[in-house]
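Visitor: For the record, the sequence lines run as chains A and W. Here the first sequence stands for residues 89 to 425, numbered as in the numbering used here. Here the second sequence stands for residues 89 to 425, numbered as in the numbering used here.
These are computed hints drawn from the structure, not numbers from a lab. This list has only true hints and no planted wrong ones.
A pair counts as met if it fits within one copy or between any two copies, since identical chains are not told apart.
Simulated pairs of lysine to aspartate or glutamate, DMTMM-like, Cα-Cα distance not exceeding 20 Å: (1) Lys425 x Asp235; (2) Lys425 x Glu245; (3) Lys422 x Asp242; (4) Lys102 x Asp128; (5) Lys184 x Glu385; (6) Lys102 x Asp129; (7) Lys425 x Asp242; (8) Lys363 x Glu385; (9) Lys388 x Glu180; (10) Lys95 x Glu213; (11) Lys425 x Asp236; (12) Lys363 x Asp324; (13) Lys95 x Asp236; (14) Lys271 x Asp326; (15) Lys302 x Glu403.
Listed below are the residues making up each chain.
There are 2 protein chains.
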Amino acid sequence: MKLATLKNGTRDGKLAVVSRDLTRFTDASFLAPTLQAALDDWHRIAPHLAALAESLEHDAVPFARFHEHEAHSPLPRAYQWADGSAYLNYVELVRKARGVDMPESFASNPLIYQGGSDSFVPPREPIRAADETWGIDFEAEVAVVVDDVAMGADCDEARAAIRLVMLANDVSLRGLIPAELAKGFGFFHGKPSSSFSPVAVTPDELGEAWDGGKLHLPLIVDLNGKPFGRANAGIDMDFDFPALIAHAARTRPLAAGTIIGSGTVSNRLDGGPGKPVGQGGAGYSCIAEQRVIETLETGKAKTPFLHFGDKVRIEMKDTDGRSIFGAIEQAVEKYEK
Amino acid sequence: MKLATLKNGTRDGKLAVVSRDLTRFTDASFLAPTLQAALDDWHRIAPHLAALAESLEHDAVPFARFHEHEAHSPLPRAYQWADGSAYLNYVELVRKARGVDMPESFASNPLIYQGGSDSFVPPREPIRAADETWGIDFEAEVAVVVDDVAMGADCDEARAAIRLVMLANDVSLRGLIPAELAKGFGFFHGKPSSSFSPVAVTPDELGEAWDGGKLHLPLIVDLNGKPFGRANAGIDMDFDFPALIAHAARTRPLAAGTIIGSGTVSNRLDGGPGKPVGQGGAGYSCIAEQRVIETLETGKAKTPFLHFGDKVRIEMKDTDGRSIFGAIEQAVEKYEK
Numbered sequence: 089m090k091l092a093t094l095k096n097g098t099r100d101g102k103l104a105v106v107s108r109d110l111t112r113f114t115d116a117s118f119l120a121p122t123l124q125a126a127l128d129d130w131h132r133i134a135p136h137l138a139a140l141a142e143s144l145e146h147d148a149v150p151f152a153r154f155h156e157h158e159a160h161s162p163l164p165r166a167y168q169w170a171d172g173s174a175y176l177n178y179v180e181l182v183r184k185a186r187g188v189d190m191p192e193s194f195a196s197n198p199l200i201y202q203g204g205s206d207s208f209v210p211p212r213e214p215i216r217a218a219d220e221t222w223g224i225d226f227e228a229e230v231a232v233v234v235d236d237v238a239m240g241a242d243c244d245e246a247r248a249a250i251r252l253v254m255l256a257n258d259v260s261l262r263g264l265i266p267a268e269l270a271k272g273f274g275f276f277h278g279k280p281s282s283s284f285s286p287v288a289v290t291p292d293e294l295g296e297a298w299d300g301g302k303l304h305l306p307l308i309v310d311l312n313g314k315p316f317g318r319a320n321a322g323i324d325m326d327f328d329f330p331a332l333i334a335h336a337a338r339t340r341p342l343a344a345g346t347i348i349g350s351g352t353v354s355n356r357l358d359g360g361p362g363k364p365v366g367q368g369g370a371g372y373s374c375i376a377e378q379r380v381i382e383t384l385e386t387g388k389a390k391t392p393f394l395h396f397g398d399k400v401r402i403e404m405k406d407t408d409g410r411s412i413f414g415a416i417e418q419a420v421e422k423y424e425k
Numbered sequence: 089m090k091l092a093t094l095k096n097g098t099r100d101g102k103l104a105v106v107s108r109d110l111t112r113f114t115d116a117s118f119l120a121p122t123l124q125a126a127l128d129d130w131h132r133i134a135p136h137l138a139a140l141a142e143s144l145e146h147d148a149v150p151f152a153r154f155h156e157h158e159a160h161s162p163l164p165r166a167y168q169w170a171d172g173s174a175y176l177n178y179v180e181l182v183r184k185a186r187g188v189d190m191p192e193s194f195a196s197n198p199l200i201y202q203g204g205s206d207s208f209v210p211p212r213e214p215i216r217a218a219d220e221t222w223g224i225d226f227e228a229e230v231a232v233v234v235d236d237v238a239m240g241a242d243c244d245e246a247r248a249a250i251r252l253v254m255l256a257n258d259v260s261l262r263g264l265i266p267a268e269l270a271k272g273f274g275f276f277h278g279k280p281s282s283s284f285s286p287v288a289v290t291p292d293e294l295g296e297a298w299d300g301g302k303l304h305l306p307l308i309v310d311l312n313g314k315p316f317g318r319a320n321a322g323i324d325m326d327f328d329f330p331a332l333i334a335h336a337a338r339t340r341p342l343a344a345g346t347i348i349g350s351g352t353v354s355n356r357l358d359g360g361p362g363k364p365v366g367q368g369g370a371g372y373s374c375i376a377e378q379r380v381i382e383t384l385e386t387g388k389a390k391t392p393f394l395h396f397g398d399k400v401r402i403e404m405k406d407t408d409g410r411s412i413f414g415a416i417e418q419a420v421e422k423y424e425k
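Throw the hints in and build the complete structure from the sequences for me.
Guide: What follows is the structure in structure tokens.
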């Protein structure tokens, strides 16, 4: 089934079931008022949501037209957003540009950071920043929402806890990150509010593209209407979602509704760094990667970070070309207090 | 007023108003089912809670005996837990022990990290860890809960957004932190679930001890029944809460219910490092600080981190010797999956 959270003026929005083709929705708030409420009691509520989704497919329940811009992020606020960095190609490139090697441990010990989860931005609302010189960048990712995960869970338990899959735009302020990371406490200012796709789907909706741990489809990233990234999320993912989840649960339990991100999707090209889409490559899922490759190749980054007015669109289509999650589409806007 | 969340088998517990002397409570769930619900709509609900608190003081409403061990952390799960490190004495000591200077920026730019907030531990339940060699430590802190804070809020706006004050035990796994911080993404495994005091109070309950930004009272930390720390939370706090909140809100808004921590309370002694309580000093609010001072003075840390069975108690009393928030009291227990 496919679920969305419709904006209704409340902090958590209203739960809706969306048709497979994303054209229609039916109110699901009589089953659970919000997506978090459904996740809090998933075993009891999910079967009813699934039955409602089936009825919607058959037009057997009242429905209305689904507009992606009326959707909030599926969880408008969450109790946890922990974002991995599972595509080591990207990590390695960034370090290479800085002239430092990859520690060997990175191959076996995933990177993950604790993100802010109290104020996500709806997928069709602007990225707001006070200052363009902060180096505003998008990061296109796949994310999963999990059920309760016990402390010390192994990968099998982690896999069994995956309830929903969606897309993420993990906005990053590249200009603020180096000084922040140098302080040693991780990201804070460098990671403003993220956004998630209009629709979150249960893994069974993904068919063979979902292997239980990775999503094998290209992540479509367009910048100002032009192809920027077409990296396949199933390729070069060095840690799959169960590995990321188990890693996150090593010293504490994860509560239902925890969102785990893949990190910026990134594909190698014949073992080497990628190429822009326009040059026949898979492109990039963030501007920083393109800049790193430019720096490595020419000594200087030439692609600028986002300007006010720029627009990024992140989407994924099934093998028949149909949008699975709806699109994140965000313009960059100057924030005036 | 004083608020608590009573355990009732649900994820968020049930909101209660507690009497000033912590002996009685009255159910407040007819006003707002949970503390988060009250914070979501504070301007409307707080006056009713205050009226109920006043009635409770006069025994004008039904009440029952308040038992601290029946309380959950005031927010059993929260949308954000951002923990500062506002007592630079501690930061400086840790760095000195590592042989590195304090960057000048630390004096003007607060340290803060994004903590996990999905699964707090009740204040009278054990700290569970799978492995004693992880270097289990407590960190006794003061924390505030804020209302919505706009992106870019200044210190005055931040101060006006403080709704509740409480105590925190920010459990740390010292053995896991160095390798984790070396990865550059901040804390994750090193910071398992935190706990908060049984009771959260509005700032007006603190009288002159609260100056709008700092809480000027000793933080009482006992380890296995013996005095370990008596540091005054109002002394040597280099960034007050409004400064920490404004810092946290620099690039994104903070949602109502966000918890901001002070970091480990730490007092200098005559400009130098502190002394144990037994030697006439203010002692320490975590074991790591005592170990750092031992290392600086003798070349070797001798106080061990927590063993299974150890018990830490964190409390604060008003000038008349009455407990303000109730006590966090946690034994360390081996976690068996």
